Amino acid sequence: MQAEGPTEEERQLAVIKAESQHAFDTETSDGLANAYALAETTWTLEAELGYVDRLGKITREQIRDAARRYLSRSDYARLAFQPKP
Amino acid sequence: MSRRVTASLLLGLVVWGLLVAPGFAADGASGAVTRARLTNGMTVLVRENPTAAVVAISLMTRMGTRWETRQNAGISNFLQLMMVRGTTSLDGTQIVSAADRMGGSIDAYADADYSEIPATALSRYWGEMLDLVAEVALRPSIPDGTTQAVRDFLGRQIRNRAEKPYDAAFDRLMAQTYGDNGYAWDPIGLKESLERMDRAALLAHYRRHYVPGGMVLAVSGKVKTAEVVARAERLFGALPAASPPAPNPAPPPAPAVARSVVTVPGAQAQILMGGLAPSLTDPDLGAMKVVSTVLGGGLASRFFSELRDKQGLAYTTAAREPMLVGPGYFLALLGTAPANKEKAEAALREQLERIQRQAVSDEELRVAKAYVLGSLAMDRRTNARQAWYLASLEVAGVGHEFLDRYVAQVRAVTAADVQRAAQRYLATVRTVIAEPAP
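Chains as they are written, first to last, in the numbering used here: chain A, 1 to 85; chain B, 1 to 438.
Hints are computed from structural coordinates only; laboratory data are not their basis.
A hint or two may mislead.
What the hints assert, rightly or not - Simulated crosslink set (DSSO-like; lysine-lysine; CA at most 30 Å straight-line):
1. B:Lys224 to A:Lys17
2. A:Lys84 to B:Lys164
3. B:Lys191 to B:Lys164
4. B:Lys310 to B:Lys222
5. B:Lys164 to A:Lys57
6. B:Lys341 to B:Lys224
7. B:Lys164 to B:Lys310
8. A:Lys57 to A:Lys17
9. B:Lys310 to B:Lys341
10. B:Lys310 to B:Lys343
11. B:Lys224 to A:Lys57
12. B:Lys343 to B:Lys164
13. B:Lys222 to A:Lys17
As the list claims (entries may be wrong) - Which residues of chain B face chain A? A few of them, derived with a C-beta cut under 8 Å, are:
14. Ala53
15. Asp100
16. Gly103
17. Gly104
Note that the structure is a prediction, hence the values are computed from the model and not measured.
Beta carbons: idealized from backbone N, C-alpha and C, even for Gly.
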């Protein structure tokens, strides 16, 4: 992902899934109220209202760059649960 | 405009003009629902809901454990799982991938009174998702190579249920309550019957039940009714008209007082008490729902406030009285520490006796009725649940209009009704206790 980014097909599928997640999360009154309140708390209502439009414009290069920025190869924690011997 | 498009639109208009019943609102909170009958008798229900760009589809069939016997217990669910694992054109992975590309999902399972293929998608893909649902429903390949894998999967589910305290106790209670009636077993089925089922048996079951007279398609979401009905006619209209077999369930045994203990792994004891209760169309349904709610519905219920909060006898409490087409059941449940199980059992029994001998207060009645009706409204918030209600009530033979009657029935319940229903249904209960091995 950091080297090449997603394929165009993967990008489209990811956008549709994110759009769908958002649509189903906000199909009820309580879902919508939660989304709006969260938006006003952590970003802005305008940003929330434009979220789906922005999703569709995300490019493969932007995804690759985000992977490079946030999927660090050195700065992460690893935890594994193992059965007792 | 091409001839093909013209013909398609014309078909839509004919279907719309001749077969669609007038729309009406199912309740104040939902959009109008339209019922249409395809030319072969299949029912289509559409609820237009423009508030979100999503669609939910429920294709239900009159097929479930109510139609099963001990010999073929679980065949409906087995068939449903096979259907979503391959059609004559798509394998299971392609089915799932197609749903993914629409921002949705598709599944299949069976229950007691129906079998369902539920699907969701972004609403701009409603047509393609309806095509996929039809593909799964009408052209299953029931691949031989997958049959054993699904049978093994179901076998593991049966073994898992036997090791979970609540599931093991519940299955024992249902077996005792219903005897040879199909409600006696979980839709997963029974180990012995599943081992006997082969592809030929699954196909025969499919051909008996997937017929227009037993199929209901419900669609809720940002769609246009006329377009949905026209597409449904195109997809399902070629099925020859036929009716599914009538269920012929064995009558459940007479209610009896009984007590049994199941030993299972785990750290918690589960105490279950229950017996037969009103069916969907029984006039006592509303009163018994209120009984169930007074006892175990939510944080204001007697089980929660008295047995858990005041007496500290339970980790978990619940009461259940599901809507079933055939004889329903009532279930009271306490999850408790093994050291408390004797006291908890006595306390639970006392609660079932108290509601029979003493009328509920006006306030308790008001709160319970509000909880029943509020829970129903909250459960119908999503398009998926709306589609489920539309299809399941139609398959049950009462139609979604039933909910209006049910709401009125619950509103009219009095304290005397609650006491009378409790005396009728809680006087003779069976007890099953699941306790950890010592």
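Comparing the hints with the structure gives:
1. B:Lys224 to A:Lys17: Within the cut-off at roughly 24 Å; holds.
2. A:Lys84 to B:Lys164: Status holds; Cα separation ~22 Å.
3. B:Lys191 to B:Lys164: holds, 17 Å
4. B:Lys310 to B:Lys222: Violated - the C-alpha atoms of B:Lys222 and B:Lys310 are around 48 Å apart, more than 30 Å.
5. B:Lys164 to A:Lys57: violated, 48 Å
6. B:Lys341 to B:Lys224: violated, 56 Å
7. B:Lys164 to B:Lys310: holds, 28 Å
8. A:Lys57 to A:Lys17: holds, 14 Å
9. B:Lys310 to B:Lys341: Given pair B:Lys310, B:Lys341 holds - Cα atoms ~16 Å apart, limit 30 Å.
10. B:Lys310 to B:Lys343: The given pair, whose Cα atoms are some 14 Å apart, holds under the 30 Å limit.
11. B:Lys224 to A:Lys57: holds, 29 Å
12. B:Lys343 to B:Lys164: holds, 22 Å
13. B:Lys222 to A:Lys17: holds, 18 Å
14. Ala53: Check passed: Cβ of B:Ala53 comes within 5 Å of chain A, closer than 8 Å.
15. Asp100: holds, 6 Å
16. Gly103: holds, 3 Å
17. Gly104: holds, 7 Å
Comparing the model with each earlier hint shows violations of hints 4, 5 and 6; every other hint is respected.
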